[in-house]
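Those protein sequences? They're chains A and B, same order as listed. Just so you know, we're using this note's numbering here: the first sequence kicks off at 521 and counts up by one. Just so you know, we're using this note's numbering here: the second sequence kicks off at 11 and counts up by one.
To be clear, the hints were calculated from the coordinates, so they are not data collected in a lab. For glycine and all other residues, C-beta sits at the position ideal for the given N, C-alpha and C. Hints may contain errors.
Derived coverage of chain A by chain B (criterion: at least 3 residues anywhere in the stretch with Cβ under 8 Å from a Cβ of chain B; other residues may be distant) [stated by the list, open to error]:
#	stretch
1	526-535
2	566-572
3	586-598
Facing chain A, according to a computed beta carbon distance under 7 Å, are these residues of chain B, among others [stated by the list, open to error]:
#	residue
4	GLN249
5	LEU257
6	SER341
EDC-like mimics (lysine to aspartate or glutamate), calculated; alpha carbons at most 16 Å apart, straight line [what the hints assert, rightly or not]:
#	chain 1	residue 1	chain 2	residue 2
7	B	LYS254	A	GLU542
8	B	LYS254	A	ASP525
9	B	LYS254	A	ASP562
10	B	LYS254	B	ASP325
11	B	LYS254	A	ASP540
12	B	LYS268	B	ASP312
13	B	LYS254	A	GLU577
14	B	LYS334	B	GLU85
15	B	LYS98	B	ASP60
16	B	LYS421	B	GLU377
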Amino acid sequence: MTEADIKIVIFQLLKQIAPDTEPSMLLPGDNIRDTLGIDSFDALQFLVALDEKLGIEIPEQDYGKTATLEQLVAYVQTRMK
Amino acid sequence: MPCLQCQTSNVQWQKVQCQKVKIMIEFKMPSLGADMEDGTLREWKVKPGDTVHRGDIIADVETMKGIIEIEVFDEGIVEKLLIKEDEKVPVGTVMALIKPLAAEAEIKKEKLPEAKPVEIHPIEEKPATPTMPAHEGVRASPLAKRIAAENHLDLSAIHGTGEGGAITREDVEKAIGERDIKLKPRTPETPAPAASTESIRMAVAAAMSKSNREIPHYYLEIAIDVSKAMAWLTEANRQRPVQKRLLPVVLLIKAVAKSLLEFPDLNAVWENGLQQKKDINIGFVVSLRTGGLVVPAIHHADEKSLDEIMETLNDLIPRARALKLRSSELSESTMTLTNLGDGGADAVFGVIYPPQVAIVGFGGIAEQPFAENGMVGVRPILHATLAGDHRATDGLTGSRFLATLKNHLQKPETL
């Protein structure tokens, strides 16, 4: 998957979790949860959806490495290799 | 003179009917919170003659908090629907009459010959409920017979697909489904909840205004070192797939529920005095993305495991945000818990949801300097608060409750 493909998947899943937000407007350095107003419950639902869609399970200790959009995309790319 | 309620003039029938009316269960428009004054019936889910059991959903009612599935809390047979769909009625209005199952036997007793009053008119022997065709000679499983009887279905009209042509449960359920479709054309999908941001805001405003007007609050706060709880949770989650992970709030819910076991005066309502509640149903505040909040109940939270509480949240929170809750979830909370989550304020001092008498608030967990045993260290600290109704309890009770809560969170493995 290209970086653009990964972003599309991330935006789709975030939109499912928080339908009233516009994930595609996220800037690379934006903190995803803070910018979209996602609470811990929705954040966990997003991780579950990401696992089901891409088969990537993000352990708790890596949460800090996936806070911004660019961090998350890079993390997914690395794990998919 | 005819019976005022059942409108029959036959003397004996009147007696039987009046006896029936007297023992009918009146199903009323429920109050789904202190803020609810009326509700609009959107759809009946039952019809006269249907058997209902405790917990069955019998109607959809539109409130300021969306379209709520209304459950029945008795067992019986629906006798009469008194309210039409799309009718708006005040809380407490009788919506339907339900004949309790136990009443069946009583009514039959009334009809025994020795119980007959002296009567000069011919007596029409009407059964209290529609009779069922006898099932003698029909090959059917006992379960199939029972389901057919409960649904007033004639087994002789069903083609059996079981061994030797016996009628199975599946055959009966299929026949009931086909009959119900004929009786009532399938209605379109329930429309989206009509509750708006404004109506939710007004519901919250009404409840909170009533609370502030009537309840003399006292407030307490305690700082809790949650390093042990967080370490336990991290380890527990390390061993779980992402679908089974627990959120910190699950520990908080269980710790509050266990603490309430020791302080029943806080698990109570104030209605003409303090009334303790037997069950511990934690009202969990769910913020809506568009503003406002709803507070569904986590029933029997003290009896649930941490995994069961998480499963309940997985079910409740999405439905709460979609405003698709059941009446019991909106009306049976015995104490409220509000949790701000991480990244926000350190503490929240709640407003009690009447007629409850207490609300526990949790701020975000943040690293802070913390002194213990003469040493200062940096620890994850959680500020827990209690707002109590001073009519019901005093600060000492609340203080002991918070200390107990703190102790439970130091032993996460026992939660």
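So, going through the hints one by one against the coordinates:
1. 526-535: As far as the stretch 526-535 of chain A goes, the hint is violated, because 0 residues have Cβ atoms under 8 Å from chain B.
2. 566-572: Holds, because 3 residues of the stretch 566-572 of chain A bring their Cβ atoms closer than 8 Å to Cβ atoms of chain B.
3. 586-598: Coverage by chain B is violated here, the residue count being 0 at a Cβ distance below 8 Å.
4. GLN249: 11 Å, violated
5. LEU257: OK, holds: LEU257 of chain B within 7 Å of chain A, min 6 Å.
6. SER341: This hint is violated: SER341 of chain B lies away from chain A, its Cβ roughly 23 Å from the closest one there, beyond 7 Å.
7. B:LYS254 / A:GLU542: Not satisfied, since the Cα-Cα distance of roughly 28 Å exceeds 16 Å.
8. B:LYS254 / A:ASP525: Roughly 28 Å separates the two Cα atoms, so the pair is violated.
9. B:LYS254 / A:ASP562: Holds: LYS254 of chain B and ASP562 of chain A sit about 14 Å apart, inside 16 Å.
10. B:LYS254 / B:ASP325: 13 Å, holds
11. B:LYS254 / A:ASP540: Measuring from Cα to Cα gives roughly 26 Å; hence the hint is violated.
12. B:LYS268 / B:ASP312: OK: LYS268 of chain B and ASP312 of chain B at ~5 Å, within 16 Å.
13. B:LYS254 / A:GLU577: Between LYS254 of chain B and GLU577 of chain A the Cα gap is close to 12 Å, so the pair holds against 16 Å.
14. B:LYS334 / B:GLU85: 24 Å, violated
15. B:LYS98 / B:ASP60: 24 Å, violated
16. B:LYS421 / B:GLU377: 20 Å, violated
Of the hints listed earlier, those the structure fails to meet are numbers 1, 3, 4, 6, 7, 8, 11, 14, 15, 16, in rising order.
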